[in-house]
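These protein sequences, in sequence, are chains A and B.
Residue 30 in the numbering used here sits at position 30 of the first sequence, with consecutive numbering throughout.
Residue 68 in the numbering used here sits at position 68 of the second sequence, with consecutive numbering throughout.
Simulated from the structure, these hints should not be mistaken for lab results.
Certain hints may be false.
[Said to hold, decoys possible] Here are the computed lysine-lysine pairs in the BS3-like style, where the Cα-Cα straight-line distance is at most 30 Å: (1) K98(B) <-> K70(A); (2) K71(A) <-> K13(A); (3) K70(B) <-> K56(B); (4) K3(A) <-> K55(A); (5) K106(B) <-> K71(A); (6) K56(B) <-> K55(A); (7) K53(A) <-> K3(A); (8) K56(B) <-> K13(A); (9) K56(B) <-> K57(A).
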Amino acid sequence: DVKVTQSSRYLVKRTGEKVFLECVQDMDHENMFWYRQDPGLGLRLIYFSYDVKMKEKGDIPEGYSVSREKKERFSLILESASTNQTSMYLCASSFGTMNTEAFFGQGTRLTVV
Amino acid sequence: TQLLEQSPQFLSIQEGENLTVYCNSSSVFSSLQWYRQEPGEGPVLLVTVVTGGEVKKLKRLTFQFGDARKDSSLHITAAQPGDTGLYLCAGWQGGSEKLVFGKGMKLTVNP
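Generate the whole structure from the sequences, applying the supplied hints.
Written as structure tokens, this is what we have:
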């Protein structure tokens, strides 16, 4: 089975801190994604990567950056956390695009205080 | 602006009832997907519909892709409490590697 693992289920951080969310997949997928999920807003794409060291902005990239140094790992970075970044963060991976299945991690619930 | 609009957003029904949830867009998609998410978990793929007019059945769930490939529907027959969850439609945006989602429909099936 494909496994997408997010490093933390719950995180509490202070405003202004630099926050790293880590995601690892074990199926050699080319594509990886970071979404945030908020009540009433659904899943919104922050960044995605289709290859090592390649990244593309999603729909809401402001305040975030990403890193993909190895194929299996995709990190989301909050440069200076703010309270409006309190959310559920979901990582996903897929073998290809256009009709392929995306596999999700269990999510990281981040609270910024 | 949401690329994929889902309706209704919330539904609470009794066990045994039928329901339909809709996913609409003004854009053409090469395929649409339906995912189900349970509390505390990530979404899990239920089905991918690829051909305009296609109908797929998964036990009590029936999925349809519109002829123009701009919309899809999910019909659940004789809903059960185990069907409770968040149902999300998703589509790969043409010309990119972006997978975009609708806001989802939160379904509660009461015993």
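Checked hints:
{"no.": "1", "hint": "K98(B) <-> K70(A)", "in the structure": "holds, 20 Å"}
{"no.": "2", "hint": "K71(A) <-> K13(A)", "in the structure": "holds, 28 Å"}
{"no.": "3", "hint": "K70(B) <-> K56(B)", "in the structure": "holds, 17 Å"}
{"no.": "4", "hint": "K3(A) <-> K55(A)", "in the structure": "holds, 22 Å"}
{"no.": "5", "hint": "K106(B) <-> K71(A)", "in the structure": "violated, 34 Å"}
{"no.": "6", "hint": "K56(B) <-> K55(A)", "in the structure": "violated, 34 Å"}
{"no.": "7", "hint": "K53(A) <-> K3(A)", "in the structure": "holds, 21 Å"}
{"no.": "8", "hint": "K56(B) <-> K13(A)", "in the structure": "violated, 45 Å"}
{"no.": "9", "hint": "K56(B) <-> K57(A)", "in the structure": "violated, 33 Å"}
Checked against the numbered hints given earlier, this structure breaks hints 5, 6, 8 and 9; the rest are met.
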